[in-house]
Structures are given as C-alpha cells and as structure tokens.
Amino acid sequence: MSTENGKPKTENPQLISSMKQFLSVHDVPDLSGLVQEALRQKQNPFGDEHLGHHKTIGLLFFNSSLRTRLSTQKAAENLGMKVMVMNVTADSWGLEFEDGAIMNGNKAEHVKEAAAVIGQYCDIIGVRSFPTLNDREKDYSEEVVNQFVKYAGRPILSLESSTRHPLQSLTDLVTIEEYKTKPRPKVVLTWAPHVKALPQAVPNSFAEWMNVADVDFVITHPEGYELAPQFSGNAKVTYNQNEAFEGADFIYAKNWSSYREYGKIINSDPAWRVTTEKMALTNDAKFMHCLPVRRNVVVDDAVLDSPNSIVIHEAGNRVWAAQAVIKQMLTAIR
Amino acid sequence: MSTENGKPKTENPQLISSMKQFLSVHDVPDLSGLVQEALRQKQNPFGDEHLGHHKTIGLLFFNSSLRTRLSTQKAAENLGMKVMVMNVTADSWGLEFEDGAIMNGNKAEHVKEAAAVIGQYCDIIGVRSFPTLNDREKDYSEEVVNQFVKYAGRPILSLESSTRHPLQSLTDLVTIEEYKTKPRPKVVLTWAPHVKALPQAVPNSFAEWMNVADVDFVITHPEGYELAPQFSGNAKVTYNQNEAFEGADFIYAKNWSSYREYGKIINSDPAWRVTTEKMALTNDAKFMHCLPVRRNVVVDDAVLDSPNSIVIHEAGNRVWAAQAVIKQMLTAIR
Amino acid sequence: MSTENGKPKTENPQLISSMKQFLSVHDVPDLSGLVQEALRQKQNPFGDEHLGHHKTIGLLFFNSSLRTRLSTQKAAENLGMKVMVMNVTADSWGLEFEDGAIMNGNKAEHVKEAAAVIGQYCDIIGVRSFPTLNDREKDYSEEVVNQFVKYAGRPILSLESSTRHPLQSLTDLVTIEEYKTKPRPKVVLTWAPHVKALPQAVPNSFAEWMNVADVDFVITHPEGYELAPQFSGNAKVTYNQNEAFEGADFIYAKNWSSYREYGKIINSDPAWRVTTEKMALTNDAKFMHCLPVRRNVVVDDAVLDSPNSIVIHEAGNRVWAAQAVIKQMLTAIR
Numbered sequence: 002m003s004t005e006n007g008k009p010k011t012e013n014p015q016l017i018s019s020m021k022q023f024l025s026v027h028d029v030p031d032l033s034g035l036v037q038e039a040l041r042q043k044q045n046p047f048g049d050e051h052l053g054h055h056k057t058i059g060l061l062f063f064n065s066s067l068r069t070r071l072s073t074q075k076a077a078e079n080l081g082m083k084v085m086v087m088n089v090t091a092d093s094w095g096l097e098f099e100d101g102a103i104m105n106g107n108k109a110e111h112v113k114e115a116a117a118v119i120g121q122y123c124d125i126i127g128v129r130s131f132p133t134l135n136d137r138e139k140d141y142s143e144e145v146v147n148q149f150v151k152y153a154g155r156p157i158l159s160l161e162s163s164t165r166h167p168l169q170s171l172t173d174l175v176t177i178e179e180y181k182t183k184p185r186p187k188v189v190l191t192w193a194p195h196v197k198a199l200p201q202a203v204p205n206s207f208a209e210w211m212n213v214a215d216v217d218f219v220i221t222h223p224e225g226y227e228l229a230p231q232f233s234g235n236a237k238v239t240y241n242q243n244e245a246f247e248g249a250d251f252i253y254a255k256n257w258s259s260y261r262e263y264g265k266i267i268n269s270d271p272a273w274r275v276t277t278e279k280m281a282l283t284n285d286a287k288f289m290h291c292l293p294v295r296r297n298v299v300v301d302d303a304v305l306d307s308p309n310s311i312v313i314h315e316a317g318n319r320v321w322a323a324q325a326v327i328k329q330m331l332t333a334i335r
Numbered sequence: 002m003s004t005e006n007g008k009p010k011t012e013n014p015q016l017i018s019s020m021k022q023f024l025s026v027h028d029v030p031d032l033s034g035l036v037q038e039a040l041r042q043k044q045n046p047f048g049d050e051h052l053g054h055h056k057t058i059g060l061l062f063f064n065s066s067l068r069t070r071l072s073t074q075k076a077a078e079n080l081g082m083k084v085m086v087m088n089v090t091a092d093s094w095g096l097e098f099e100d101g102a103i104m105n106g107n108k109a110e111h112v113k114e115a116a117a118v119i120g121q122y123c124d125i126i127g128v129r130s131f132p133t134l135n136d137r138e139k140d141y142s143e144e145v146v147n148q149f150v151k152y153a154g155r156p157i158l159s160l161e162s163s164t165r166h167p168l169q170s171l172t173d174l175v176t177i178e179e180y181k182t183k184p185r186p187k188v189v190l191t192w193a194p195h196v197k198a199l200p201q202a203v204p205n206s207f208a209e210w211m212n213v214a215d216v217d218f219v220i221t222h223p224e225g226y227e228l229a230p231q232f233s234g235n236a237k238v239t240y241n242q243n244e245a246f247e248g249a250d251f252i253y254a255k256n257w258s259s260y261r262e263y264g265k266i267i268n269s270d271p272a273w274r275v276t277t278e279k280m281a282l283t284n285d286a287k288f289m290h291c292l293p294v295r296r297n298v299v300v301d302d303a304v305l306d307s308p309n310s311i312v313i314h315e316a317g318n319r320v321w322a323a324q325a326v327i328k329q330m331l332t333a334i335r
Numbered sequence: 002m003s004t005e006n007g008k009p010k011t012e013n014p015q016l017i018s019s020m021k022q023f024l025s026v027h028d029v030p031d032l033s034g035l036v037q038e039a040l041r042q043k044q045n046p047f048g049d050e051h052l053g054h055h056k057t058i059g060l061l062f063f064n065s066s067l068r069t070r071l072s073t074q075k076a077a078e079n080l081g082m083k084v085m086v087m088n089v090t091a092d093s094w095g096l097e098f099e100d101g102a103i104m105n106g107n108k109a110e111h112v113k114e115a116a117a118v119i120g121q122y123c124d125i126i127g128v129r130s131f132p133t134l135n136d137r138e139k140d141y142s143e144e145v146v147n148q149f150v151k152y153a154g155r156p157i158l159s160l161e162s163s164t165r166h167p168l169q170s171l172t173d174l175v176t177i178e179e180y181k182t183k184p185r186p187k188v189v190l191t192w193a194p195h196v197k198a199l200p201q202a203v204p205n206s207f208a209e210w211m212n213v214a215d216v217d218f219v220i221t222h223p224e225g226y227e228l229a230p231q232f233s234g235n236a237k238v239t240y241n242q243n244e245a246f247e248g249a250d251f252i253y254a255k256n257w258s259s260y261r262e263y264g265k266i267i268n269s270d271p272a273w274r275v276t277t278e279k280m281a282l283t284n285d286a287k288f289m290h291c292l293p294v295r296r297n298v299v300v301d302d303a304v305l306d307s308p309n310s311i312v313i314h315e316a317g318n319r320v321w322a323a324q325a326v327i328k329q330m331l332t333a334i335r
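Protein chains in written order, with the working numbering: chain C, 2 to 335; chain D, 2 to 335; chain Z, 2 to 335.
Just to be clear, a hint being listed does not mean it is correct.
Chain copies aren't distinguished; within one or between two, either way the pair holds.
Said to hold, decoys possible - With a cut-off of at most 20 Å between alpha-carbon atoms, the simulated SDA-like pairs for lysine to any residue come out as follows:
hint, residue 1, residue 2
1, 56, 317
2, 151, 95
3, 56, 81
4, 197, 94
5, 197, 107
6, 108, 197
7, 237, 284
8, 43, 31
9, 183, 216
10, 83, 298
Because the hints were derived from the structure by calculation, they are not lab data.
Just chain C, with the same shape it has in the complex (with noise of 0.2 Å):
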C-alpha cells in the first residue's frame, strides 16, 4: 500500500509547493501548479496514499455541510490519512472566543484550550465556520479561523470561514479548466434571488481566485449587492446582468447577502433568476454552482437539467481540489 520502494507515479519532480495553511488564495505559492496537481490526483486518487500514513486530520464543523464533509473525508482517506469529524457545538462544548472573557455565561471552553488541544491530537485540522451576518467588523476580521491558526499549533485548512471558502474556489477553477475551449474564457459571477440572507463567502472567494486566474471575469448584482472592495478588486462589475452574459463561456451563479447594508436582504427581484433565456445570450456557457441550489429561485429547473449544467462534475472535483491541498499541507509538515 505505502511506496517505500520507489517514487509514487503521480510524483511531479517539479512540484515543491507546500503550505502550512489554506485559508485563502493568499496561501498557494503556485496557482497554476495546484490546479495542475488537483487534475493528477483525479488521473490517480490513491498515487499519494503513503504521505498521509499514521497522520490524522480532524474536521471540525461549526455549521452544516454535506459537499466538503464528505469531499474533504475522502480526500484525506485517498491520501491514506486518518479522518476524525466533529460536529463542534452538538457534539461537544459551546466555544467562547472573546480574549479576556469572564466565562460566566453558556459557552463552557475558550477556543484557547479547544484549538491547543484539538491541536495536540491532530496532524492538519480543518474548520468551518460561517459569519453571524450580524456584526460586519467581526465576520471579516476571521475570528474562528483566525484563532485556530493562533492556538492550534497546526496547520489550519478551511472548510468555509465567514469570509472565504477557497476549497470551492480552487475546484471551480479546476473545472474551468476542464471545460473550458480558449485559452482566456470570458467567466461570470451572477447574483441571483434567494428567501435567506446568505454569506459572501463563496463570491468573495470566487472573485479573489478569478481575479488572478487567467480568465477574463465579470460580476453582475444589483445595485447595493456590491462585494468588498478587497474581493471584486479589480473585477469589471456591471448592474445589468444581459449585458454580463453576452459572449459569456461560464455563468457562475450565487446568491448572496449585501456587504454594505451587512447580512441584509435588499432586493428579491425575480428577474434575476438563471433562465434558459438568458443562457441563451452567452457564447453556449457552462452553468456552474456551489450548490445546494434552491431550484426555481435561484435557476431554473431547465437550467440545472440542460446539458450545459456542469454543477455536479463541479462538485465531483471537490474531492481532488481537497487533495490537492491536503497533499501539499502533507508535504509542509513531513
């Protein structure tokens, strides 16, 4: 099972990237090298199966997920790794996060104690957590992660910080670069309807990874639905979402909450939902989304279901992104 006679056949003598922590695009030293990676570990998911040997990561969820619990377990089991996972609150203490709280209220451990010793039994830890969407300072100063990383003694990989989820972002950028058919393909983030206010984590992030990939790349929101400036940087944006589509080759779709009246709701406008006619503007793009997608809110059903719909191979590619990245936090601490 382990390679100790010879070199793995995925080994790639150029690749000497590592990373000590995956907390955003910030952290790849080598973008086009990673995404290259995620493709070999999908060419051969068990070439690597020796480095993860006798070493665990723990996967600690603050919040829901179906996709990156199940992507990243396997991920790390391709990569012969023990997985331990737990639900943080449910399954063990209320975590107060203040620095210097009198802990005289409901939360029975400081992520001080928890991180330090979630550290001393685990190799890599990965953590999830989203914002309050309530408190705008707190959200993008990353507390929860950030804490982790002071207090752990590990590397530290996120599963979705209030801010970022860049396990999704580094696979969508592996599957634009499956599908896509010229070398600079015109790429567009949509906001599009949702009932529930939702974090800007997933755009934020998406817009960080395009704004250095090779892509030309445009957000289209209504007015009031702009990111942070850090994010959309230097993004062409546009209000009006047919023009966006025109020529387009991918249409990413997300719905998210307003940065600027934080976490609130400020247009529902059902005329910015994904439908078959405004696919039909764009140059035969993929439809691609995070997911979980509310069907005939967010997109259509004709959508979702036409041929173009890329959604689940994306989220198919969850799995060799993880280990892309794993590999290489793998390789930081040997």
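Using the hints provided, position chains D and Z relative to the given structure of chain C.
For chains D and Z alone, coordinates are given in the frame of chain C:
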C-alpha cells in the same frame, strides 16, 4: 491482507450473482445463495477484505438507527471499504423531494443534486428513511429511496425505507436457517401492541421474504391490521393469535400501525402481548424480534430473557447479512 | 505495518498484566506498570499497531465530549483498531435502564438489548454517561456503566461515568510522573467556583488515584464540599486553600457540586478562584485542569497562560493513557 496471489478461502465458484441495488427481495437473483453467502461471511469475516479496497460506502440516515448503523458500518469495514456516515438533516441540509418545486421554503437542497453529489463521493450508498405515516400513497411510492436510485448513479442499499427493511429480512431468514430443526419450519409473524404508531416496513418485508422462503408462513393480527396485499401475498392470515401459535417453530413479534386506516393505532389490546403462556402453545418456538423492543408492552421480560429468545443472536447476524449483500454489490461494480 | 515477523519494539517482556474492564483504579493490576506503558506508547505511538488488527471499538456518548472523544479514537486507531462512534440519544434510541419496566413511555429500547447488541458488533465498548445530579443513590450505583458491564458481554472502558473518570486520572498521573522534580511531590486538588452544578466524577477519580500513587496528596474545598468518603479516603483535607497551596508541586483545580447536599451549588465564593497570587504560595507548582475550564471563573487568564500551566500537555497525554489501557484490554481478549 488482500489476496492478490490467490483466491480467498470463502470464494464460492458457484456464486456468480451480483446485485446492482438492494431494496427488496425482488433484487435478489439467488435467495438461497445469498443466505449461504451470509453464513460463509460469518465463518470467515475478513476473507473478502480485498473486495472493498479503495471503495467507499456512504451511509445516509434520515432517521434513528442503532443496529443498522453499526452492523452495516462493520460489514463494510470487514470487506475493506471506507465508510462515511451522515445524519442527513442534522449534518447537512433539509432536502426537497418534489419535482418542479419552487424552493422558497425551508428545504435548502433538492435530492436531485444531493443524491448525484453523494454519488460522486461514494461507490455504494445506503439510505435509511422512515415513512410519514400520514400519506399512504406517498410512503408506498418509496419516494425517497427511489429518488436516490434515480439520481445517485450508484448502487443503492436500503437501510430501511418507508415500506421495507430488506437487510433485516435477510438477517431473519439467515437466523431461521441456523435455528430450524426441520426442513420446513412454521414461522409466525404476530402483531403486538405498542404505544406509538410504527411503520409497516419490517412486517411488510418479513412477509415478502417468508413468502418466497421454504417455510410454512402464518400472519396473525387483530382485525384492521391487514398488511398491504402485495406484501401479505398468499400467506395464511388469522385473527386468532392462539391458533397461529400452535405448533409454531418461530414466533416473530412486531407492532405496526394500520395500513387500512393509514398510520393509525386502532387496537392496543394487551392480550396480544407475547407471554410465556402463549409461547407454551408453540413447538418450543424460538422468539424473534428486529429490535428495539418495548419490554412488557410487546413481549414479557420472561419471554425475552428465556433461553428460547434469539433476538441478540439475530441482531448479531445483521453484520453477516449486510456483508453478503455488500459483497454482491461490490461484485457488480468491479 | 504489522509485526508478524518479530516482536514490536515497545514490547516489554515484564508486562503481563491485562485488563478486562477499566472503570476505576481498582481494575488496574499494576499501576506503575500502566503509567510506564503510557510513556512507552508516547515514545512509539504505532509500535503496537498489530494488536488491534481486525478489532473494533465502539465509543458511546450519552453526553458531550471533546478530549475523550478524539483522544480515545486516536488511541484506538494508533493501535490498529476500527472505531465506531455513536451519540446514543441523537443517533439511535432513548434507553431504559430500570429492571422490569413496562416500557410505555418515551424510552424505545432497554439497555439489556442495546448493550448486548452493541457487544455483537464491538470487541471493546467505551461508554460516557454523566450523573443526573438529582438522585445520589442512583448516580453512585453507576447504573449505566454497570448495566453495560452486565449485559454487553464485552470489556467496558469508562469514558467518564457518574462518579469516576479513570482515563483522566491515569492521564493526570502520567503527567505528574513527567513533570515531578522530586520522588514524592505535593499534589493539591483544589475546588474552584463555577456557574453550573458539575459532577464529582473528576475529583472523585483523581482522589482515588492519588491516594494509591506515591504523592503527598491534599484536598482543599469550602465546607460542605466534602467528597464521598470512599473517594477522599485518607487524603488530608483542609478548608484553608492558602495553607493547602503552600509548598505544592502541582495544583489541580476543579469545580464540583456538593455531595452532601447532592448536586447543589452551596458556595460560589470567587475567593476560591486560582490566581497568580495563590500560585505564588506554591513551590513553583505546575497548574493542571482536566478541561474544559471557565477562564476567569475557575482560574485567571494569567495562570492558564503562564509557563507553569501544563493543561494542554496534560490533554495531549490523554492519547497515551487511553492507548496503554486499550492495549491491556486487547491483550485480555486475544
């Protein structure tokens, strides 16, 4: 650990059957062969450990489970598989099952996506989903498990669906095979009282399996508790419990709610409880129950704690039944 | 991976003790040998990986757990075992523990069946169950864990029961062994304030272990917080916390509710909080706590964040303590 150099000891040259799904007895090409396979797995639990190498089973629970949860996990691990367990509603998202729904309620994801995505991560998917007991047509259409079959793109293993519990029924048949003292034993399924309205899945499924097994099968229950005709089939049915017990070799007790007055408790007569006096009418019958069982409501302590009670042994056989089934599913996807 | 060709490096020819259960210090045939075994496991975590091959441990949680959950899982996996974790109430059924109960209430399954069935699937069973804090006699009879011992037919490992937490106490002894600077250090168990009524399990168990270890053991608490006599034994007990701290080498802080006025908070005097000033009375003592700990209620930030705090190291040792215990249990069932 694996047996690449030779045939594993348990290999049965006659066994060529394989199963692409396991939802009912109708999916079993060779019933007697499957029972024998379970008994072989029991003799040699790790003899087929190579079969599941690098394969993953996902076990999805929409409802509580003890025996099914642990025995199926154990079976899959004995076969060398990786296991990912998920309590769907608690761990991930509320699922929508209606086709064409405008998803503006409290369901965040459609089964079309959820099933297909889980299919990206798992080679076999087990699903437990209880009936509503409100809507007979919906329950008997097996909406949940059938949508997983339709959309997951992977073999589906029922961990108990709205109307059937085939892993339990196979276990029961294996247990009867072990304990029978004559070629064609008399097997009696008896209704018993309960304080809650329970599904018909276990008795439906038990009847379905006994009707094709080589046993003399009798069902006894109060008037109004008739099972759906497609399950009771040609079984002898009597409202006279004492008459049914006479000469029985196996008493299989179970409560269920009414099929006719769907999901209702229409009788709670304690006279239907299984007692030592009633067991004395039998041919020294073994007492069986799928568990969990309400002591002194369904059956007296004196019966459950007697040497003729084989309920724990029966529960232990859940591992070997699951192992036989998963082995045949692995064979199908090789 | 396994060591069929030779003895594993850590094999200690003197070690012949084995344990059929681990509920208290009374189950340990050789206390010093067990401490040394834990330290050996720490030096060579995978040296006994062959021992657990094809063995399964079930970890059953009736209550929250972080350290015990993860460290026991890690320990079992280091020993090559498969691990099945179950949150009993959430994942399966409410359990009845009363003998002879007519089960027409909200408990769906009796422990007689549940324990015996889990025993069919697991080679060793770990159980965590907190006390009611309402019914002293019931709690101190250790009903839950004792019924698992009685009915499971498998070795039972306490993951903290109503009145004891032996894995924690062994960890504490191992940690004291590592940090002590004299043959017979002074170890002080001090009560500290808390906002919730907590079990006596940790202080009971700590006292029980310290009373047989080679340490100078002192307990200090406010009047009315006397531990049950069978646990405090011959330990020195004082109501004067300052006096107790004088010359101490280890301060072990913990809140507990009253045994006398059972389960009640009868004192919440903040003067009992462990502070830098109090630590200054000691012989440069190390600060210990089982965690989770309420910062600035039980102990000040300044103490927990000082170099003398060894709480994280202590929590890390949970793995090696569990590994030593499970190793001896595996030896017993070979």
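Going through the hints against the structure:
1. 56 x 317: between (24 Å within a copy, 16 Å between copies)
2. 151 x 95: Within. Shortest intra-copy distance 19 Å satisfies the 20 Å Cα cut-off; inter-copy 34 Å does not.
3. 56 x 81: both (8 Å within a copy, 13 Å between copies)
4. 197 x 94: between (27 Å within a copy, 14 Å between copies)
5. 197 x 107: between (27 Å within a copy, 9 Å between copies)
6. 108 x 197: between (27 Å within a copy, 11 Å between copies)
7. 237 x 284: within (18 Å within a copy, 66 Å between copies)
8. 43 x 31: Classified as within: same-chain Cα gap 19 Å, cross-chain 37 Å, threshold 20 Å.
9. 183 x 216: within (10 Å within a copy, 67 Å between copies)
10. 83 x 298: neither (39 Å within a copy, 37 Å between copies)
Hint check: a violation occurs at hint 10 only; the rest are consistent with the structure.
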